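Work the whole structure out from these sequences, hints included.
2 protein chains.
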Amino acid sequence: MATMKDIATRLGVSLSTVSKGLNGGQDISDSLRQTILDTAVEVGYINRKAKKQDTRSVAVFIENMEYEKADQFGYDIVLGFQQAAYREKWGVTIIPADHTLQKKHKYDAYMLQGKYSAAFFMGFSLDDPWMNQLADTSIPTVLLDNFIPINPKVSSIGTDSEEGIDMAIDHLARLGHEKIAFLNGSAGSTISNQRMLAYLNSMARHHLPIDTSMAVYGYFVAEAAKYHVPGFLDQGATAILCGNDLIASGVIQCCNDLGYSVPGDISVIGFDDIPLAANLRPALTTIAQNRNELGQCAYYTLHAMIHNVSLSKNLLRPNLILRDSTAIAKPRLVVRRSNDKDTVDNVNPELYSQFAKQQLLK
Amino acid sequence: MATMKDIATRLGVSLSTVSKGLNGGQDISDSLRQTILDTAVEVGYINRKAKKQDTRSVAVFIENMEYEKADQFGYDIVLGFQQAAYREKWGVTIIPADHTLQKKHKYDAYMLQGKYSAAFFMGFSLDDPWMNQLADTSIPTVLLDNFIPINPKVSSIGTDSEEGIDMAIDHLARLGHEKIAFLNGSAGSTISNQRMLAYLNSMARHHLPIDTSMAVYGYFVAEAAKYHVPGFLDQGATAILCGNDLIASGVIQCCNDLGYSVPGDISVIGFDDIPLAANLRPALTTIAQNRNELGQCAYYTLHAMIHNVSLSKNLLRPNLILRDSTAIAKPRLVVRRSNDKDTVDNVNPELYSQFAKQQLLK
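Here the protein sequences line up with chains P and D, keeping their order. Per the numbering used here, the first sequence runs over residues 10 to 371. Per the numbering used here, the second sequence runs over residues 10 to 371.
No wet-lab data here; the hints were simulated from the structure. Remember, it's a predicted structure, so these values are computed and weren't measured experimentally. One should not assume that every hint holds.
Which copy? The list can't say, so a pair holds if one copy fits it or any two copies do.
[What the hints assert, rightly or not] Calculated cross-link-like contacts (lysine to any residue; reagent style SDA-like; alpha-carbon spacing at most 20 Å):
(1) 235 with 221
(2) 235 with 262
(3) 162 with 176
(4) 322 with 207
(5) 162 with 328
(6) 162 with 330
(7) 112 with 134
(8) 322 with 203
(9) 112 with 50
(10) 162 with 145
(11) 162 with 329
(12) 322 with 159
What follows is the structure in structure tokens.
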């Protein structure tokens, strides 16, 4: 294990200069401090405080995710992480980490200077400056909803999208829906790609028709709905699964604007179960991520990684929360352009009456 | 929380009878003991000893997996689990659980009677009697290489097959291999299905030709090779990826018997890195599962689940261990049946000389 002396020898400076560089002393230049930190990382120096288990300190870096109020997505994740960490007497520091911070400091050097022994990243995307540096960091690091290949020191956590989407499609199929559209979040995000694959797999597993024009990427905002919902309705969709609850709120609004009722004409399902979901009209059926558990999971994953267990991917169970935005599929007359062969589509009165009967018998 | 008194009231027996039933007392009948245990499970009784964290006791059930000697697959997994558990003062009991045991006892009742607060299952398959009962158990349970949907009390651990197979295909592609066959383990196992999907995805990602007759299920034994290797060779395979190291040992033998040298003519890659792998001639390049870490991961997963974090899937990083069974792809003249249109296949001298040059420059 490298010591402060190794750093001093390598740079030809005194031990006290190295100590100032590592511990935030005042009377050395910023560039020398940076050189000392970079060298410390290079030789594999580990701060004594970070080494001692009973005073372990971890950093939570947050980028592009709201977390300060109880109704924001990140709030419960941070809370869950803190609860689990405090139970084992770890110190937690919350650090907003925008591009400016990430460009100013190298990741390993920042961690060393702050005496953190591990970190949890929330809300980052693959184009954040620090993400490239994770390919060869030696600091145990857990990412929410992102994935870095190969490096055994970096692990991912998230909610099992495959199971969540399968539960949603299963619920819709039982209600007699066949033409189920999927308005996903932004293209290029790890999580969106997983969810698209999950949707296609689940539709196939349920022997439902897959029409690629009914499975599209949008953005993680309500406004995404108006660009895609009219097309879905034209093609006879009776249900729309959404990449998150905000998109779902836009889809409900858009259906209403076009004269369709939710869930009377169209069923809508969201993803996440943010506090907004229960307050929509109709209240939103959604695939819930347990955010407190996500935070706790991040802690337990770091805990294992500090003991040299090289985790790769860790997924939590989702829950399908049934509210008022889904109902039995209503047969729809879809009148298409007259040069189409099929002018009437998706009418299956037999199936409809069968489901209606089951519903009445409950 | 239900108490012993609740069980006594429900059954109309005395408290001391209930206590005998739960704690293995002698002078009650087997059928009454079973009724008491079943009722205890039904009312949600949790044994006081199992509730107290500092005396927690966990069961490791092993079915159809060798683990008693250091060179057997399960040995290091059990060891890793015990090491992690003892670090936090948990007691570990190893229990061989064949079908007889599983048929004799219900899972929840067995756990209650043994005062175990959690369990780790190794070597089970989906047709084991206890697997069905896991759909609604309330006891934190972790499965190696199997998956139970929905139930938040049951979680899976394993090695990330997708990443491991991608590393192997990547290694072969860099050596100039294009026709890469995959002799998988048994059909119907969760892990085999994941690996087949991973192979197909990785071949596609590397823009390599996918021929479904080159991607087949066999069995997890060396003998599987002789049924499939001749076909692979006839079709011009220059590399064979295998579902485990035993299959790979059979593949090497089979290639030799047919007059092909490994790795001169055919490259072979295994999966697992059991001790046998390094002792084969040639020593086997293989996708390693770190079995000690798998055991530790099982413990950390149970630890999180006992704190009500509902984990679903947890994967460890694999390692590609490079030994002597892989080499630069050798152009092969494949003479097929004369009524085939292509009589010569897979000859790419340009690529070959390019790789040969790179190799010489090293």
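Hint-by-hint comparison with the structure:
Taking the closest pair of Cα atoms, residue 235 and residue 221 come within 20 Å of each other only inside a single copy of the chain (18 Å); across copies the shortest separation is 42 Å, beyond that limit. When the C-alpha separation of residue 235 and residue 262 is checked against a cutoff of 20 Å, the pair qualifies only within one copy, where the shortest distance is 9 Å, while the shortest distance between copies is 62 Å. In this assembly of identical chains, residue 162 and residue 176 lie within 20 Å of each other by CA distance solely across copies; the values are 17 Å between and 33 Å within a copy. Taking the shortest Cα distances, residue 322 and residue 207 sit within 20 Å of each other both inside one copy (16 Å) and across copies (15 Å).
In this assembly of identical chains, residue 162 and residue 328 lie within 20 Å of each other by CA distance solely across copies; the values are 13 Å between and 30 Å within a copy. Proximity of residue 162 to residue 330 under the C-alpha cut-off of 20 Å is restricted to the inter-copy arrangement: shortest distance 18 Å between copies versus 35 Å within a copy. Within a single copy, residue 112 and residue 134 get their C-alpha atoms as close as 15 Å, which meets the 20 Å cut-off; across copies the closest is 50 Å, which misses it. With identical chains, the CA atoms of residue 322 and residue 203 are at most 20 Å apart both within one copy (13 Å) and between copies (15 Å).
With identical chains, the CA atoms of residue 112 and residue 50 are at most 20 Å apart within one copy only, with a shortest distance of 17 Å there and 57 Å across copies. Proximity of residue 162 to residue 145 under the C-alpha cut-off of 20 Å is restricted to the intra-copy arrangement: shortest distance 8 Å within a copy versus 35 Å between copies. In this assembly of identical chains, the alpha carbons of residue 162 and residue 329 lie at most 20 Å apart only when taken from different copies (16 Å versus 33 Å within one copy). For a Cα distance limit of 20 Å, the shortest separation of residue 322 from residue 159 qualifies both inside one copy, at 11 Å, and across copies, at 18 Å.
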